[in-house]
Each structure stands twice: as structure tokens, then as C-alpha cells.
Amino acid sequence: MQPRTMVEQAAEAVVAAAARGVFLPGDRLVEAEIARDLGISRVPVREALRLLESQGIVVSTPYKGMRLMQVTNRGVAELMRVRLALETLALREALGSGLPEEARAALRQAIERHRAAAEGDAAAAVAADEAFHGELCRASGNATLCAVWHSLGRQLAVLWGLSAPHRDPAEIAREHEALLEALAAGDALRAEALLGEHIGWHLRFDFEAAVEQRRRQRSAA
1 MQPRTMVEQA AEAVVAAAAR GVFLPGDRLV EAEIARDLGI SRVPVREALR LLESQGIVVS
61 TPYKGMRLMQ VTNRGVAELM RVRLALETLA LREALGSGLP EEARAALRQA IERHRAAAEG
121 DAAAAVAADE AFHGELCRAS GNATLCAVWH SLGRQLAVLW GLSAPHRDPA EIAREHEALL
181 EALAAGDALR AEALLGEHIG WHLRFDFEAA VEQRRRQRSA A
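Numbering follows the UniProt record's numbering, in which position 11 of the sequence shown is assigned residue number 11; successive positions increment by one, without gaps.
Accuracy of the hints is not assured; some may be wrong.
Straight-line alpha carbon distances no greater than 25 Å define the calculated SDA-like cross-link-like pairs of lysine to any residue that follow [to be verified]:
{"#": "1", "residue 1": "Lys64", "residue 2": "Val211"}
{"#": "2", "residue 1": "Lys64", "residue 2": "Val30"}
{"#": "3", "residue 1": "Lys64", "residue 2": "Glu208"}
{"#": "4", "residue 1": "Lys64", "residue 2": "Pro165"}
{"#": "5", "residue 1": "Lys64", "residue 2": "Arg50"}
Label pairs and their in silico Cβ distance ranges [stated by the list, open to error]:
{"#": "6", "residue 1": "Arg215", "residue 2": "Thr144", "range": "36 to 46 Å"}
{"#": "7", "residue 1": "Arg218", "residue 2": "Glu102", "range": "17 to 27 Å"}
{"#": "8", "residue 1": "Ala147", "residue 2": "Ala105", "range": "32 to 42 Å"}
{"#": "9", "residue 1": "Ser60", "residue 2": "Glu101", "range": "37 to 47 Å"}
{"#": "10", "residue 1": "Asp27", "residue 2": "Trp201", "range": "37 to 47 Å"}
{"#": "11", "residue 1": "Val43", "residue 2": "Glu101", "range": "38 to 48 Å"}
{"#": "12", "residue 1": "Thr5", "residue 2": "Leu189", "range": "37 to 47 Å"}
{"#": "13", "residue 1": "Glu101", "residue 2": "Lys64", "range": "47 to 57 Å"}
{"#": "14", "residue 1": "Gly39", "residue 2": "Gly96", "range": "39 to 49 Å"}
{"#": "15", "residue 1": "Glu101", "residue 2": "Arg204", "range": "18 to 28 Å"}
{"#": "16", "residue 1": "Arg215", "residue 2": "Asp121", "range": "13 to 23 Å"}
What the hints contain is simulated information worked out from the structure, not anything from laboratory work. For clarity, every value in this text was computed on a predicted model and none was experimentally measured. Idealized CB from N, CA, C, for every residue including glycine.
With these hints in hand, go ahead and build the complete structure from the sequences.
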């Protein structure tokens with residue numbers, strides 16, 4: 001296993017733990033404990049936390065160490081508006097050049113992954129959701145757009161993990177299906193409307209209340 005691969009795996013493990021609610025916004029991330037739980041040395045974990053810090057998932061505070069990013073409704077709204085702009089551009093560029101069959105297949109596969117994951121692991125469902133929207137951006141053929149979206153992807157994963165218990169997984173799958181159908185039909189107006197509603201749900205959801213609810217549940221466990 002190459003060191004870089006271990007770093008990526010450690011980063012993914014931290015994000016997956018956040019998606020499952022093991023780590024909540026503002027929680028301290030202890031390098032030694034994460035390394036012990038993953039069964040690896042502290043060096044790749046240290047590098048993984050630095051990587052996550054560069055992506056906005058982890059915040060380093062003097063004398064307080066590394067902590068998972070804070071989540072506020074205002075911050076979520078700002079992030080979702082940027083995400084909507086990026087994915088709307090991705091839709092337009094994908095349809096402008098014609099959605100290739102391989103892009104449709106990749107989107108379909110992500111939908112099926114989400115359906116399968118929704119029955120079990122929350123982190124797997126979040127990863128499948130991220131894969132669907134990542135494939136949507138990849139279909140645009142715009143490398144810069146994809147890079148910007150993926151720089152936000154792990155922040156989105158943390159948020160999706162918080163909202164997952166409050167959404168019907170089948171509803172998410174249906175929204176993805178409808179979006180893919182509109183794309184396949186070349187219906188840009190419908191695709192943009194569906195995307196706006198799909199992302200708009202997060203603008204209406206109270207993430208701050210969800211975090212507090214998770215904290216109470218964890219304290220009571």
C-alpha cells in the first residue's frame with residue numbers, strides 16, 4: 001500500500017465516520033485515536049487531517065487541536081448556492097455537447113449503488129449520493145468545474161450524513177431517476193428545475209437543529 005493511498009483511506013474514513021454521526025460538527029479529532037481505530041500509524045492520519053483541513057472539513061484551532069467543521073444554516077445555504085451554480089452549469093454543458101452513453105451508464109450505476117446502500121450503511125448511501133452528483137459534473141467534460149465540485153464534495157458528505165435520517169432514501173433515488181430521465185431526453189429546462197428542487201431541500205432543512213438532536217441522542221446512548 002502506497003503512503004498516499006493510506007492518507008486517502010484515512011481521510012475517507014474520517015468523512016465516513018462523520019456521515020454516520022460518529023463525529024459531529026465541532027468534535028475534536030484526535031490523531032492517535034483515529035490511527036488506533038484504523039490500525040495504522042499516526043503519520044498518514046496526520047496527513048489525512050491536513051488534507052481535510054485544506055478541503056474545509058477539518059478546522060485547526062490553536063490550543064484546541066483539529067476539529068470537524070462547524071455547521072450553520074447560513075454556511076450550508078452559501079455552500080448549496082455555490083453547488084447549485086456548479087451543477088446547473090454541468091447540466092448545461094453536458095446537454096450542450098450531448099450526454100454520452102457512458103455518462104448515462106455511470107449515473108445509472110450511482111443510482112443503483114444508492115438504492116443498495118440505503119438499506120444499510122449511511123456512509124455508503126452518502127458516498128453513492130456523492131458519486132451521482134460527481135458523475136453529473138464529469139458528464140460536462142469541464143475539468144475545472146469537476147475539480148471545484150470535488151473540492152466541496154467532502155463537505156457535502158458531512159452535511160448529507162446529518163440530513164440522511166430526515167429524508168426518505170427512496171425519495172432521493174426517485175429525484176435522481178427523474179433528473180437522469182430529463183438529461184437523457186435532452187430537456188434542459190426540466191433538468192434544471194428538478195436539480196433546483198433537489199438541492200433546494202437542503203436550503204429548507206434546519207441543520208443546526210439536526211446537530212443538536214444528534215448530540216442529545218449521543219449523550220443519552
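Taking the hints in turn, this is what the structure says about them:
Between Lys64 and Val211, the direct Cα distance comes to roughly 20 Å. Compliance with the 25 Å bound is thereby established for this hinted pair. A threshold of 25 Å between alpha carbons decides the hint, and for Lys64 with Val30 the separation of about 11 Å falls inside it, so the pair holds. For the suggested pair Lys64 and Glu208, the alpha carbons sit about 22 Å apart, so the restraint of at most 25 Å is met. For the given pair, Lys64 sits about 30 Å from Pro165 by alpha-carbon distance, which is inconsistent with the 25 Å threshold.
At roughly 15 Å between alpha-carbon atoms, Lys64 and Arg50 fall within 25 Å of each other, so this suggested pair holds. About 38 Å separates the C-beta atoms of Arg215 and Thr144, a value consistent with the hinted range of 36 to 46 Å. In this structure the hint that Arg218 and Glu102 lie 17 to 27 Å apart at CB is violated, the actual value being about 43 Å. Range check, Ala147 to Ala105: Cβ separation about 23 Å, and the 32 to 42 Å hint is violated.
One distance hint, 37 to 47 Å for the beta-carbon pair Ser60 and Glu101, holds here, with the actual separation near 45 Å. For Asp27 paired with Trp201, a C-beta distance near 25 Å fails the hint of 37 to 47 Å. Remark: the range hint 38 to 48 Å for Val43 to Glu101 is upheld by a beta-carbon distance near 43 Å. Taking 37 to 47 Å as the suggested C-beta distance range, the pair Thr5 and Leu189 conforms, at roughly 43 Å.
Between Glu101 and Lys64 the beta carbon distance is about 51 Å. The supplied range of 47 to 57 Å therefore holds. For Gly39 and Gly96, the Cβ-Cβ distance of about 47 Å falls inside the hinted range of 39 to 49 Å, so the restraint holds. The hinted range of 18 to 28 Å is not satisfied by Glu101 and Arg204, whose Cβ atoms lie roughly 35 Å apart. Between Arg215 and Asp121 the beta carbons are some 22 Å apart, a value that agrees with the proposed interval 13 to 23 Å.
Violated hints for the displayed structure, listed by number in ascending order: 4, 7, 8, 10, 15.
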